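Now for the letters of each chain:
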Amino acid sequence: MSYFLEQVLNGLSYGLVLSLIAAGFAIVFTSTGVLNFAHGSVVLLGAYLVAVLHDTIGFWPAVLVGLVGAAVVGVAINALLVRNLADPNPGTAAILMLGVDIVLLTELTRRIGNQVLTLGAPWGASVVRLGDVTLPTGRVLAAAVTLVAFGALWYLFSRTDLGVGMRAAAADGPTASLMGIRLSRTAATGWALAGILAAVAGIFLTSFPAPGVAPTVALSAFAAIPAWVLGGFDSVPGAVVGGLLIGLTSALVTGYEADLEPFLGAGFGEVAPYVVMIVVLLVRPSGLLGSKEAVRV
Amino acid sequence: MSDAPRKLVGLVLLLVALALPFVLTDFWLQTGLFVMATAIGAVGLTLLVGVAGQLSLGHAAFAAIGAYVYAFTTGESTTTVEGLGLPPLLGLVLAALVAAGVGAAFSPIAGRLRGIYLGLATLGLVFVVRHLLVNLDQWTGGFVGRSVEPFAVPGFSFSNRDPDYLAVAGVEFEGLHRLWYLFVLLAVVAIWLASNMRNGRTGRAWANVRDSETAAAAMGVGVAGAKRSAFVVSSAYAGVAGAMLALAYGRVAPDVFSLTASVDYLVMIVLGGLGSVAGAVVGAVFVTSLPLVLAQYSSALPFLAAPGSGGLDPSTASRIVYGLAIIAVLVFLRGGLAGGARRLRERLTGSTPVPPVDRPVAEEPSRSKETTR
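If you read the protein sequences in the order shown, they are chains A and B.
Just so we're aligned, residue 1 is where the first sequence starts under our numbering, counting upward by one.
Just so we're aligned, residue 1001 is where the second sequence starts under our numbering, counting upward by one.
There may be inaccurate statements among the hints.
Said to hold, decoys possible - If the Cβ cut is set under 8 Å, some of the chain A residues that face chain B in the computed set are:
no. : residue
1   : I95
2   : G99
3   : V100
4   : P122
5   : G124
6   : V127
7   : L130
8   : V229
9   : L281
10  : P285
To be clear, the hints were calculated from the coordinates, so they are not data collected in a lab.
Bear in mind the structure is a predicted one, so any value in this text is a computation, not a measurement.
Ideal Cβ placement from N, Cα and C applies to all residues, glycine included.
One chain only, chain A, in its complex shape (with noise of 0.2 Å):
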């Protein structure tokens, strides 16, 4: 029974920090219209500069440099690449962003090579004991940081201008434009926002139980992408839903692998994300919390 009860923790708090890059995928898409692709290389950058620079100017200052450096990536590509899109619209868009995922995604492994760059976070590889269940504290901390977000996320959506703002552009952003909203600061908000939690998620993703920043960290926030599109394209609490939903799956689907092996073949917790998204697509295209789409034909 413990060992069931820590799988399905476990797969919680990595499903929180599934659903922290799942958010930021539903907020670059619900601000500017666009299928980030290079979301995955953005959650390597931050993960990787921690990770240089933790020696030289300490653990902390080294997150807020990750922090801020994934958000200034996201508003650069918003607006030197998005914007001047030479035909835009979500097909060409998403293309785009395939391109810059290649050059940032290779640059970074061609710097990481074939090591793998310790983050030197201060939890370290310590654990938690809560009865006869063991969870490392980099999860724990993890999820705690995530609810934190959310809620952080949830003040600015619903108590803000900027937020309000945000999502009056997402609903309508030539009206919105009209009503005096900035759009290209709504935009720049979302794509910064988006930097910085995928930064957020990409150090719990790279710390103990993980053993470090290696460039299929990058493959790994892909998997946040079943999480988002479960939850609904253009919702915040969808990416939640989502997230824990994959995580949850994942984690038991890897920790029963002995089990499942016969019938469902070895390895099946990478694909079974996928599987998931695509039985609930055929159910509800738009996802269990996202809109409905507004042409019907």
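Based on these hints, arrange chain B on the given structure of chain A.
Relative to chain A, chain B alone:
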């Protein structure tokens, strides 16, 4: 450009393609085989993404299905892998049919979703197919893959044997030379079919669905059916491309058909210009040959280092080059290379031609136009 000069250019290119095996070395022949295989895949994808407007990130999954169906149906059973030992021609047809069938099976999803939503669903397909390839190892050979029987028709094999020695005009025709002509034939048929489909009734229906589903439905185009047919046709093209890749490598393995391969197909059609068949071919030439050529000549290029030495190795360099190429084309060159070439022609001839089918309409920068609250 009117029809006659276009046909003339095509004919000249075809003659050049037919003459090339007489002068090229084995490296360039091998590169050419990969280019022709991926070009067919890219042409199929440009019909789906460029003409019908449905983003797909799962093209490599369908190519994988084609490759493995060919390997499985034509291969002989051994102690580790099973095979059916069917004639290769039948295997090639089955590769296209099975890939198209899987595309059709996926079309309940494809019919309900559109644009980037479909792209995300097909993303899942790549991972699911990869999982199957690794785990169904009695058919696929698992991680290491399986070897592929060379293509053959009765009495003639497209390999180094049977006939053992064949020479035309003093040049010995080995497996690479023979496969070259098979691939040229397949490429010509595929390109010809795709151009006709694009310019005919089917392609116009697809373009109509891309531009406005509501308008298409009002004009009597079955929207779900058009999406399904675009998906099935593009999957069949991918299946043939996969089988050709298997023939060119002589082996199939799951890593050939990763997500990266799917992205590469997208890169090809974007560089060439979405919806343009010729553009897809040019894109395939660029994307497929760049890493191979850089690797072959890395010692002669001063800025490249040997792989693993920490410097800029050829595959890294080529990925950065074409990543930057995508960004540059999307930001500066409207309509990709094909669009640029068309504008150049218009400027040179001073003509104002009718708007072509392959130019996607400019939309408003989407601020979540797909959904309402």
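For each hint, the structure was consulted:
no., hint, verdict
1, I95, "holds, 5 Å"
2, G99, "holds, 3 Å"
3, V100, "holds, 7 Å"
4, P122, "violated, 31 Å"
5, G124, "violated, 29 Å"
6, V127, "violated, 31 Å"
7, L130, "violated, 34 Å"
8, V229, "holds, 5 Å"
9, L281, "holds, 5 Å"
10, P285, "holds, 5 Å"
In this structure, the earlier hints numbered 4, 5, 6 and 7 are contradicted, and the remaining ones agree with it.
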